[in-house]
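*Asks:* If you want the building blocks of each chain, they are given just below.
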Amino acid sequence: MATDLASGNLIITLYLLHFVFSLFTAELRNLRLSIAALVIQSLTLAGILATYASISGNPTLYWWSLTALITKVILIPYLLWLYVRQLPTAETRPWLSTGLSVAVMLILAVVFYSFLHTNVEFIAPTLQASMEPARSNLALSLTICTLGLWVLVVRKDAVKAVIGLVLLENGVHLSLVTLAPTLPETTILGIVSNVIITVWLLLYLAGRIYQTFGTTDTSILSELRH
Amino acid sequence: MGNLIEVTSTLPILVFVVPVGFAALIFALGRVHTIFREWLALLGLVITLAISLAIAGQTLDGKLLFAWNRNLYADGLSALMEVLGSGIGIIIVIYSIRYLTHHQIGMPLNKWRHTYFYGLLVLFIGTLNWVCISNSLIFMWVSMEATTLSAAFLVTFYWQRQSIEAGYKYLLLVSVGVTLALLGCVLIYAAAIPLLPSENVLFLTELGKVAKLMPESVVLIACAMFVAGFGTKAGLIPFHAWLPDAHAEAPVPVSALLSGVVITIGAYALARTVTIFAPYYPAVVLFIAILASISMVIGIVMALVQDDLKRLLAYSSISQIAYVIEGLGLGTYLGIYGGLFHLVNHTLVKSLLFLCAGALMYATGSRKISELGVAFKKMPVTAFCFFVGALAIGGLPPFNCFMSKLTLFIALTERELLWAAIIGAGTGMVTVACFIWVTYRIFWTKPVAVTNPQITGKEVPFPMQVSMLVLAAGCILLGVFPNLLYPMLNAATTSILGILSAGG
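Quick mapping for you: the protein sequence lines, in order, are chains A and B.
Residues in the first sequence are numbered consecutively from 1, following the numbering used here.
Residues in the second sequence are numbered consecutively from 1, following the numbering used here.
No wet-lab data here; the hints were simulated from the structure.
In this text, a Cβ means the ideal position worked out from N, Cα and C, and glycines have one as well.
You may find that some hints are simply not true.
Derived CB-CB ranges, DEER-like [claimed, not checked]:
id, chain 1, residue 1, chain 2, residue 2, range
1, B, 161, A, 196, 42 to 48 Å
2, A, 211, B, 5, 28 to 34 Å
3, B, 490, A, 13, 57 to 63 Å
4, B, 370, A, 189, 35 to 41 Å
5, A, 154, B, 160, 26 to 32 Å
6, A, 107, B, 290, 28 to 34 Å
7, B, 294, A, 189, 53 to 59 Å
8, A, 81, B, 161, 23 to 29 Å
9, B, 490, A, 132, 46 to 52 Å
10, A, 154, B, 71, 37 to 43 Å
11, A, 119, B, 440, 55 to 61 Å
12, B, 199, A, 100, 47 to 53 Å
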């Protein structure tokens, strides 16, 4: 019982850390710091997976955690780092000023989270998924997805958009642990290798955009067309 | 319907492994000699087509092919998509042989670039076949993303400013959309866990059995995710932003592939997921009918105002794929049949029109309708093919789209969606007007003065003509004898309904 309580507390701590570092990843305007935040965000994701593995006694989840560690904590940030190294440190000025963007995002995230948390039955496919800690997990993962989409909508920087996509995918990945813990490891490998290749190709194209245009500002790109 | 025989077969594995193997060969040897590029690609695709036809033959005999512990699976619908994909692939390779080496359009022969063009093209057909043989919900998602990835560098082929931008936009938007679809897949998987034995939960073939037992709110949200995700791939409005840019900036053979095959993969995925739930959830049917009607109308209206011929064709694709999705969303025999029939017809017609646009660009060096003026007499074959395509896409008899649109309208009225049928018919009339106007502006206005000596203004080389004529013949043949395709379409439709009726 004591260990249950301890791991329960551990999970809640990890949820909080995950949430906070998702906000940092989304909001930091310095691309290198944003990537650093993404590393910690992914690390907490791997931690959540490992904790679930120990609570549920499902050994496959340890493999998931290891996969997340290798792909999300090491490979994807490394790829991002490779390309960001050649670019200016600050991302292209977004549509919203920093203060406004942080405020809107915080309100959005908190409102969305509490709404989902109270109404989780609506999307929970089973009774089990509507009970703690799955309840918080579902609400949190969908909130992270929303943060990712928010980044994709309001940011003009090509690399930042890739970070938004990674956030979105991490959100979906987080939901897997409560929705589909019985997924075979091969499936997880299929999903993450797809994500890595997508990120790699996108960064390659973002790099080519920078070489051709001298900027990674995607709003300029569409202005050139017309 | 209930007497389909399940057999184990290696064909579903071959149809994926063969093109991927050929793609690897092309990447490895392509730079050595042209034989290892276009001719190897052609050989690979012909073999793939033969395997696809073998699968089709088996499914016509009422068989369902399983492989690799039921993880791979081929039915009538898979066979239809595979035959269509490899067939169009062959036509596109034949067309590209002369088109890509034309200096005016591309650039001086770059061996590496041509190698990766043919390599990726064959790889793309391989990943397409992988989508069609995946029985696992999640692996269907993985392979869908693989098709997106393998087509990305085909879009950026010219590596110019606009093409890089278009490629980036395509990859980013489609990946975001498809990630949403992953969430839908996971929700459906989670809802199926308590209802199915654990070894079967992932299988598309099993989902129909439990479709009506899942919690309604979960199914509705998952369907919304599928429509947003796979709809992005299919180019449904409002998820279409990548489509016009990618179609316009990619080389013409790739545009034909994008409109003819890539967006139909989105429709295929919807047929495998949303169609399963449509009969039990009328809200899904209505949702799709509304979205599709909006896409149809906005697509054709946007097409009307384009001066860029390729962008016009791209917007028209948005409009046409909406008919397909509307039909598939109905979940009835007639709806699915009409949707699939229109899918085949749209693939033929739109590939034809893009290849004609390429021929016009080849001859005049421009893709702006206002600068394209070509005398009918100078390019009779291209002009003839363009006429056929323009009349067919408008849904006029005796061309192929007439029959498929008619089927769709009947299917819509049958499900008491008369308003959708009226919108569809109205869109059809605007489409006719749009394409007659375009044809008039291209072939009946005064040709532009030729300034560049490399621009011939003459008929295009023979292989390009052959590709166009084959597609045009297909449009006429299916229009005059719509029953030619009946066995395959019937097998495809009954295979979807077979999954459905498994639920009893």
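*Asks:* State the violated hints by number, sorted upward, taking the hints as numbered earlier in the document.
*Replies:* Per hint list: 1, 2, 4, 7 violated.
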